Each structure stands twice: as C-alpha cells, then as structure tokens.
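J.: Given these sequences and hints, build the entire structure.
Residue numbers (my numbering): 1379 to 1855.
Everything labelled a hint here was simulated from the structure, so no lab data went into it. Predicted model, so just to flag it, every value in this text is computed and none were measured. Treat the hints with caution; some may be incorrect.
Said to hold, decoys possible - DSSO-like mimics (lysine-lysine), calculated; alpha carbons at most 27 Å apart, straight line:
(1) Lys1544 <-> Lys1749
(2) Lys1399 <-> Lys1796
(3) Lys1569 <-> Lys1600
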Amino acid sequence: MPPSVPQLSRRALEQLEESSKSPLFSAIFRTFGNQWSEANPDGIVNAGLAENSLMHDWLTAFWERQGTLKIERTDLTYGTSILGSDRIFRALASYFSTYFKPVIPVDPQHIATSNGLSPMIEHVAAVISDPEDAWLLPAPWYNGFAPDLNATSQVRIASVAIPSGKNGTLGEVEAMEAEMQRRKREGGKQKVTAVLVTSPHNPLGFCYPREVLVEYARFAQKWDLWLVMDEVYANSAYDGKPDGRPFISILSIDVLREADCDPSRILLLYGMSKDFGANGFRGGALVCQHNEQFMAALASTAMPMRMGSPTDILWSALLESPELPDYLAKNRQVLSSAYQYVTAWLEAHDLPYTPANAGHFVLVDFRAHVKQVRLDDEWEGAIDGASSGVKEADSSAERRNEEEEAGQFKQEIAFLNKLVDAGVYLGPGFSYACPEPGLFRLTFSIRRMELEVALGRIERVCGLPGKAVELSKEYPQ
1379 MPPSVPQLSR RALEQLEESS KSPLFSAIFR TFGNQWSEAN PDGIVNAGLA ENSLMHDWLT
1439 AFWERQGTLK IERTDLTYGT SILGSDRIFR ALASYFSTYF KPVIPVDPQH IATSNGLSPM
1499 IEHVAAVISD PEDAWLLPAP WYNGFAPDLN ATSQVRIASV AIPSGKNGTL GEVEAMEAEM
1559 QRRKREGGKQ KVTAVLVTSP HNPLGFCYPR EVLVEYARFA QKWDLWLVMD EVYANSAYDG
1619 KPDGRPFISI LSIDVLREAD CDPSRILLLY GMSKDFGANG FRGGALVCQH NEQFMAALAS
1679 TAMPMRMGSP TDILWSALLE SPELPDYLAK NRQVLSSAYQ YVTAWLEAHD LPYTPANAGH
1739 FVLVDFRAHV KQVRLDDEWE GAIDGASSGV KEADSSAERR NEEEEAGQFK QEIAFLNKLV
1799 DAGVYLGPGF SYACPEPGLF RLTFSIRRME LEVALGRIER VCGLPGKAVE LSKEYPQ
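T.: Laid out in structure tokens, this is it:
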C-alpha cells in the first residue's frame, strides 16, 4: 500500500482551485512564460501589467554611477528596526515631507517599510481587520487588491458600484454612503473595517480632488472606519487630459480641522515600483503619523515583510540624491509623451478611452470588437467556470439581463484569449470590477519598440488598418 500523501490546507486548496479557473492568471502566466524581446520577437508583449520601463536607462546609469553598494555592517544583520533601517526612514521622511506637502512633517518614526507594497497591505489588513471582515472599495479598483487582502489575511472586498461619470467626485462618496446605509438597514454579520481609496486612481488614471478626500475622511469618521490611501502613483501625474487635476496627498489635509476626523485612522501606502520604475526591487512603505498603537501592532508581525538591505540602499541613494528632482521631472515628461502617443493611436482608430493624467495606463473601450467574438464550443470550454455565474433574479426580465451580461463577460474573456494568442496582453476589465464588459487597461509606459509591436498586434486582432502616429522626441526608444 503506497504511503499517504501530505495534505494542503483548506485555504491553499481553495486558492489553488480558484487560480486554476482564473482566465486572468492563465493569461498572465502565459505572458510571463513567453515574454516578447528582441531575441524573442514571437513572444507576448506585456501591455497590461503596470510597469514603467521608460526611465530604466536613466535609473541603471544612476545606480552604476554610485559604484558598488555602500554596505554598512548593520546591513548584514536584522538591522536597527523590524520596520526598516534608519537610513531608509530618513530618506523617505525627507521625500514625503518635500513632495507630499504634509500638514505635519513626516518623521522617521511615522514610517514602516516592506518587501513590496502587497506584503504591506496584507499585514495592514491583519492588524486592523479580522478574517471575513470587509474593506469598502469604489469600483473599478486595482485587481491586485483581491489577493493582497484575501490570500492570507482573509479580508474580503466589498466592491461598490459607482454611477457612470461619478468616479472621483462627491457622488462617489455618496455611493459609498448608500452602501453603508444599506448594510445597516439589512443587518448581516460582516463587519466593514476600512475604506481603501487609490489616488492617483488605478485603472482610471485621475487624481482625487481635495474636497472628495475631505469627504472620505468625514465618511470614515462617521462609520468608524480606517481610511487607507494608496498613493503609489503620487509622482506619476503628468500633462494628459486638459482638465486633469494635480495630485493631492491625504497628508496635506488637516482631517481633524476640515472633516472632524480623528487622524489616527489615516494610513498612507506607497512603494518603489511605480514612481521609481523598479517593480523587481520590492520596496513598500507606509506612513502613519498619529497612531503609535497601530505601528506597534504592525511591528509585531513585520519580520516576514522586512525590506532587504540591497533595496534599502539603492532606494535611499536615489531619494537622497540631488538628481532626484531631475529624475521626477523627466519621468513625468516621458509619461506625458507616451500618453499622447497612445491616445493619438486610439483616436486614429476611433477607439474610445477614459482620458487620464496619472499612472502608467489608459482604460480603453473595446466593446464594439468584443461583441463580435463568437463563443463557439472551443471558447466556451476555455472559459467555463471563469465568470461568477448568474445570480437568481426576481423576474424573468432581470434574469435575461443578467444572463446577457454574463455572456458579454464571457466574450471579454474570449477576446482576452485572442489577444494573448496574437502576442499581446492587456488587463481585462472584469479583473478590475469594471461595470461593463469590454474595457481593457492598456499600459503605455513600456519601451516604444514594445508598444509599437503591441499596437500592431491589437490592430490585427480587431481587423484595424495600420496607423502611423507621430512620435514625440521625448518618448524613449
């Protein structure tokens, strides 16, 4: 008789089953396993994940000029703090105090760091929420929040649909208020412990205005919620749409005076991946200026998320360099040029998109092309189990509407597969909780050569003629 096989946890088995059925994971794994390069021209261009390679030449040249890593003896140990080194604390405190315009200057003791922002979110969730508690998120939202919150902390996302045209306005907060009122009215055991807001927004690419941030602080106080602000794209705002708003940090608002909100419930998330084009370095940070108990609790679980010394050294060197202002200005410039290029291409093809002025991407409306996808037996089999299913409706008319919507999402998944088959990956709207099928996030902050290949392959999938678009001289090769 063969020996018994060791068993995985129930949690791991559930995650394994979910990932095996996920069309998103399938597309991403296919892309990672066969990435486009000049040496692999038939590979898949990753134009869906938010990576900024436009400043890679600048960054590699900068760090090469620094010479070898300036390693101190403490870098070979667990260091001076579980939450990070004195060096990175000083560098980040100066950076936040300079560029986020805080009401109160950020001190080193206000900061925690981590090996990426995802582990930070995971640990914050464990500190402020219990398993099966929920965080409110206005839809659409960054698709990485689901695994960040669910995988180990088992915190759930309460996704709130925002009326069309109301994202980033006071109407968004009104929709969040209506959701909390509904939950109060209907009862239920699930506790909401936090509201998570991303500014600049992902995937819509706008910056929240001051009055909406103030209203979110007032909302958090009213319902006794933590207000968690993800500001990871803070210095990736650029000249984009004509009415684009500048970035405003929650740190720059006196929430006690302006919103009667206890500042101890405010948490700010930041990281190295986006503004500094270094996803692979894994550098995350948190600012909490008014809650020592929270910081102590976070420290008690922080050892698994501690930032490695090499990342600490390299990020600190850039943050403290006199070349930092030049880097940030050039980054905004090339993002603007890349945005102008890709939106000119979209307009040449009459492809609608959501105008943006922040982030690395633009949300594109492919609905006209998605609806043309025929769901034959092969496609049905490929996407079986991918959608959440059709909920029971109160009437046959509602049931027909929901069945039609489910079919449209299946078409979106089939269109995603067609794109990947053609050698280009875009971020599908269903993974961001977009309200309608057919929206895809297109990342434009990749090398020009790669973006040109990606756009050419999209043209072939959609049956569009090739369009030559004038390139800005600031757009790097």
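J.: Starting from the hint list further up, note which numbers the structure goes against and sort them upward.
T.: none
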